[in-house]
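Novice: Single-letter residue listing:
There are 2 protein chains.
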Amino acid sequence: MQSPSHTLGEFALIERFFKTRSETMLASTKSIVILGIGDDCALLVPKPNEELAITSDMLVEGRHFFAGAKAQWLGHKALAVNLSDLAAMGAKPIGFTLALALPTADPRWLEAFSNGLFALANTYSCPLIGGDTTAGPLNICITAFGALPMGKAIRRSGAMAGDDIWVSGTVGDARLALAALRHEINLPPTDLELIENRLHQPVPRVELGIAIRGIATAALDISDGLLGDLKHLLESSHKDAEVFVDRIPKSVILQKMKVPLQTQFAACGGDDYELCFTAPSSQRIAINNIGQALKLSLTQIGSIKPMQNNLATISLMTSDGQDLDANTTAALLKSFDHFA
Amino acid sequence: MQSPSHTLGEFALIERFFKTRSETMLASTKSIVILGIGDDCALLVPKPNEELAITSDMLVEGRHFFAGAKAQWLGHKALAVNLSDLAAMGAKPIGFTLALALPTADPRWLEAFSNGLFALANTYSCPLIGGDTTAGPLNICITAFGALPMGKAIRRSGAMAGDDIWVSGTVGDARLALAALRHEINLPPTDLELIENRLHQPVPRVELGIAIRGIATAALDISDGLLGDLKHLLESSHKDAEVFVDRIPKSVILQKMKVPLQTQFAACGGDDYELCFTAPSSQRIAINNIGQALKLSLTQIGSIKPMQNNLATISLMTSDGQDLDANTTAALLKSFDHFA
Chain A
429 MQSPSHTLGE FALIERFFKT RSETMLASTK SIVILGIGDD CALLVPKPNE
479 ELAITSDMLV EGRHFFAGAK AQWLGHKALA VNLSDLAAMG AKPIGFTLAL
529 ALPTADPRWL EAFSNGLFAL ANTYSCPLIG GDTTAGPLNI CITAFGALPM
579 GKAIRRSGAM AGDDIWVSGT VGDARLALAA LRHEINLPPT DLELIENRLH
629 QPVPRVELGI AIRGIATAAL DISDGLLGDL KHLLESSHKD AEVFVDRIPK
679 SVILQKMKVP LQTQFAACGG DDYELCFTAP SSQRIAINNI GQALKLSLTQ
729 IGSIKPMQNN LATISLMTSD GQDLDANTTA ALLKSFDHFA
Chain B
429 MQSPSHTLGE FALIERFFKT RSETMLASTK SIVILGIGDD CALLVPKPNE
479 ELAITSDMLV EGRHFFAGAK AQWLGHKALA VNLSDLAAMG AKPIGFTLAL
529 ALPTADPRWL EAFSNGLFAL ANTYSCPLIG GDTTAGPLNI CITAFGALPM
579 GKAIRRSGAM AGDDIWVSGT VGDARLALAA LRHEINLPPT DLELIENRLH
629 QPVPRVELGI AIRGIATAAL DISDGLLGDL KHLLESSHKD AEVFVDRIPK
679 SVILQKMKVP LQTQFAACGG DDYELCFTAP SSQRIAINNI GQALKLSLTQ
729 IGSIKPMQNN LATISLMTSD GQDLDANTTA ALLKSFDHFA
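Just so you know, the sequences run in chain order A and B. Straight run, no breaks: the first sequence in the working numbering ends on number 768. Straight run, no breaks: the second sequence in the working numbering ends on number 768.
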């Protein structure tokens, strides 16, 4: 735990790859962050009449990414999954902390990692404001902060019976990429590259989350799989839902697969980081307009029902009104579990 | 990364050991936290005219604690080191997030860990407000939040030439405990128990940090070793310092050791989590009064000097004004480095 002198040690590494870039960002963006890296704490001065949204996600090698994954992708993804949680509340990113355990202090790895990290951070003017670096098995823990007008957070608990259920973009590609990387399926190289990008460089739906404030009644991001995450929303809202399985939006590449695999990956595949949200049917035009403005497809996949038996049940059916058989339904309702 | 059904899975574990206790704390404390565990983000409503202090620390097995360390101690220490950072800014704890990677989901380990964690959290009415649990090599990452009256944060950068340098409590015991646990030295069982407690269950100096707001010109907590940390303070403040080595406060147990070892452990041992702060000499009576009120010894160990050569130099001497020899000085000035 204590150890003697060093060559390129912790302080030099932090300075070289994180502190300087963080200072550049803080200097160039108008920020509520008044003190960044280099003291015992960072300091924020929250704006009056704003709430602060806070989320923390930990990425572990072998669990959330393959050993040897490109450091640049990891830098992007570690921040993206946190910004996705901010987006799901409708919050505007304002900053993040990074705690990083590394087996070795490899400057090339750190440079690539920080390139991926800061490219995304710059996109959202979301500065790194503090953190910790230590030796250990590779582990990336980011805590991100967002601002919201008072009372405007989109919680999971606000869905009302009769609301539409919406999904942004397409779902299932990250799961398809995983299957391809595990050699469970074969894909042409161009398709593989496109869907690998979806797995490794997800786009957090920050603009969408902000745009649907005051329109959506509930929202969450799809990290564990559409149906599993929707079930969390239903549990929080004490509602049931009806989902038209063939309406779940899939990419052109996923649509080339056999239909049962399409359905399984789109309905249950994790790591998509799209938003699932609910809104009254009176908001359909407003939501379509938001989709057009953001150049992002928004698809109504079902609707919220009153809760029948305290189980947050999802009834799966086809668009022509047929129920799916019980086995298919049961198989689809399984969610992603990090300790399974 | 995706995985099938589970027995006692992630959600059940979080619910059982963290969410319920967190909710109990939030319900029983008057808090600015309006939404805790269970949504995409936690939500805080900062008070007007308050700043928010944020700190993040990651604890890794084999680096910050021994494999097989008592889970209850780990729960305490993971939060304590973060509260210590808040204390060093003068901030009052308001909440924290926990991200936890665990090799196995052992309910006994989790119960002991959460016992240690919540015992300390309750002491400071600092609720768990969110986080993440995943499988992976044991890693504990806590991000803690504190509140400060606007402009009252005690930064590292405010030390002035002529200021006294103060240290709370005693330093070196955690390093002594480490030496004993590594069988480098032998200690009687009662002494070992006392100093092991100092290593495993450090007391964050939260009340002291709050009390010295407006009195201290600069502060930090001693995590890497007194002299190494003081050097960080000097670098931030662009000052030099003079430290009387024989004034550095040591416990009765450490004072039983040979003098060179006493000096080395007290001056350079890490993991103490005492505060080192600077204040004008006009504040000596006020500081002594604070120490008496908190029943915490506060010792003036030296003073701040104008910077001579841009190196944030610490001159080590004895109380009778003798300089320490260069070799002793060089050996003492080495700081703790996680990547050494």
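Hints are not guaranteed to be accurate.
As the list makes no split between identical chains, a pair holds if one copy fits it or if it spans any two.
Stated by the list, open to error - Taking lysine-lysine and the DSS-like style, the derived pairs with C-alpha atoms no more than 30 Å apart in a straight line are:
#1 K686 / K475
#2 K447 / K733
#3 K580 / K447
#4 K659 / K686
#5 K659 / K447
#6 K498 / K659
#7 K498 / K733
Calculated directly from the structure, the hints in this document are not laboratory data.
Novice: Which numbered hints turn out to be false for this structure?
Specialist: 1, 6 and 7
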